[in-house]
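J.: The hints should help you fit chain B onto chain A, whose structure is shown.
Residue strings, one per chain:
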Amino acid sequence: MMAGLIINIFLLALLVLIAVMVLRSSRLYAVIVMSGAYSLTSAAMFVNLDAVDVAFTEAAVGAGISTVLFLAAMAYVPADEKPSQNRNLLAGLICVGAGALLLLAVFNLPTLGDPMAPVHQHVAPRYLAESGSALQIPNVVTTVLASYRGFDTLGETIVVFTAGLGVLMLLAGFTRTVRVTPVSSKTASAKKLAGRSKKSSATPKGSKA
Amino acid sequence: MIEQLAGSWNHIIVVILMMIGLFLVIARTNLIKKLVGLSVFQTSVFIFYISLGKVAGGTAPILDGNPDTLYSNPLPHVLILTAIVVGVATTALGLALILRINEAFGSIEEDEIIEAKARESLPRPKRPTGEAAE
Numbered sequence: 003m004m005a006g007l008i009i010n011i012f013l014l015a016l017l018v019l020i021a022v023m024v025l026r027s028s029r030l031y032a033v034i035v036m037s038g039a040y041s042l043t044s045a046a047m048f049v050n051l052d053a054v055d056v057a058f059t060e061a062a063v064g065a066g067i068s069t070v071l072f073l074a075a076m077a078y079v080p081a082d083e084k085p086s087q088n089r090n091l092l093a094g095l096i097c098v099g100a101g102a103l104l105l106l107a108v109f110n111l112p113t114l115g116d117p118m119a120p121v122h123q124h125v126a127p128r129y130l131a132e133s134g135s136a137l138q139i140p141n142v143v144t145t146v147l148a149s150y151r152g153f154d155t156l157g158e159t160i161v162v163f164t165a166g167l168g169v170l171m172l173l174a175g176f177t178r179t180v181r182v183t184p185v186s187s188k189t190a191s192a193k194k195l196a197g198r199s200k201k202s203s204a205t206p207k208g209s210k211a
Numbered sequence: 005m006i007e008q009l010a011g012s013w014n015h016i017i018v019v020i021l022m023m024i025g026l027f028l029v030i031a032r033t034n035l036i037k038k039l040v041g042l043s044v045f046q047t048s049v050f051i052f053y054i055s056l057g058k059v060a061g062g063t064a065p066i067l068d069g070n071p072d073t074l075y076s077n078p079l080p081h082v083l084i085l086t087a088i089v090v091g092v093a094t095t096a097l098g099l100a101l102i103l104r105i106n107e108a109f110g111s112i113e114e115d116e117i118i119e120a121k122a123r124e125s126l127p128r129p130k131r132p133t134g135e136a137a138e
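Residue numbers (my numbering), protein chains in the order written: chain A, 3 to 211; chain B, 5 to 138.
Looking at chain B on its own, in the form it has when it is part of the complex:
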């Protein structure tokens, strides 16, 4: 039981971290916080992959010429290298969107943005926020 728990410890913690990230994305209305939650989720997936690639007693997959050396699996490392770079690219895109949303609605809180959208679709007498919302 203890052995099983120790062997699966990484995976258990990864599940907890993932769910914290998912909770941040669903429950928080602040867009920056949502994006941080997304990156928490993402990093926990990286940890999961790298944990799968570990071989007990192995070393980093850099060949040293000795045929008896045991190496960890290089394939998950390669996949995650790609994912990290793609992750930062999507983060940058998300942040650019947030800046534009903030410019258009004057808020990065989801509730307030929805409210502002609702106000916009009403037949408007004279909006106090008309200038920047075009």
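For reference, chain A alone in the conformation it holds in the complex:
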């Protein structure tokens, strides 16, 4: 119990550290890899908080697929963020204000692990007590996901399907040409741009055809 608590505090501190690094870095590749690390650290936290199924999914989908999607998109966009300082003060004020209000509410919440918290009094005891004998599946999360709350999962599938359709429609006819903007004078990026312009000249553009 004590060890779990210490691990919990350590992982949360690590998450804050990674988030601050994301905030400060302006190199997008580094930002994306750090967001993958953020997902993986939170997956470790989920194991520590008994949510093993969520940890699986977060590690595979959050840290894996998400990061790969971001990296794939990075092939077509500039690798560095341009500095922007114009809205920092106002945004900071909004965030600090909202954070302060939320912190006020935090101390009215039940503490971590309180077995009498309202969230444990509603339907969860029924799921834990009945699902074993009613459905013969030992993993309660699976039972609730596929049986008790099957309609939620149906809705989720519809959302994912719609998003997939949206991505396909957006990227239909996406030409691989990239506007050549001088990002930096590094040889690596220059080589990449040269490779891209070669590719674009090989495939004639739609507007000219």
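Everything labelled a hint here was simulated from the structure, so no lab data went into it.
Since no wrong hints were added, every one of them can be taken at face value.
Keeping only pairs whose Cα atoms sit at most 25 Å apart, straight-line, the calculated DSS-like set for lysine-lysine is:
1) A:Lys-84 x B:Lys-38
2) B:Lys-38 x B:Lys-121
3) A:Lys-84 x B:Lys-121
Chain A stretches covered by chain B per the calculated footprint, using a threshold of three residues with CB under 8 Å from any CB of chain B:
4) 8-19
5) 47-53
From a predicted model like this one, the values you see are computed outputs, not experimental measurements.
We treat Cβ as the ideally placed atom computed from N, Cα and C, and that holds for glycine.
T.: Chain B alone, transformed into the frame defined by chain A:
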């Protein structure tokens, strides 16, 4: 006081992480960074839910046949499983939009996109960027 702080530690850190994510979304003009901020925000909400589901001394909700075993609450786990998958779907949609925006305006910086839009709405003599903006 210390006890209260230790019990609410998760929630306090979650609030801080949320606000870092919100700040990224509002203050950064780079669209990729905004999307990363959104996923930071999202993951902090996941942590909040999973923290609520924890029962002290409990174990993962996989039945072992022993009636005395104490399990953590499975309901938040189920909700967050759904949210993770929906989250990655919306991320993919956002990235596809970013690629299209980059194709149309040649930039993923918000300032530059707004500038390009303003230039487009002017009565134009001859745009140097006319070809890809149709």
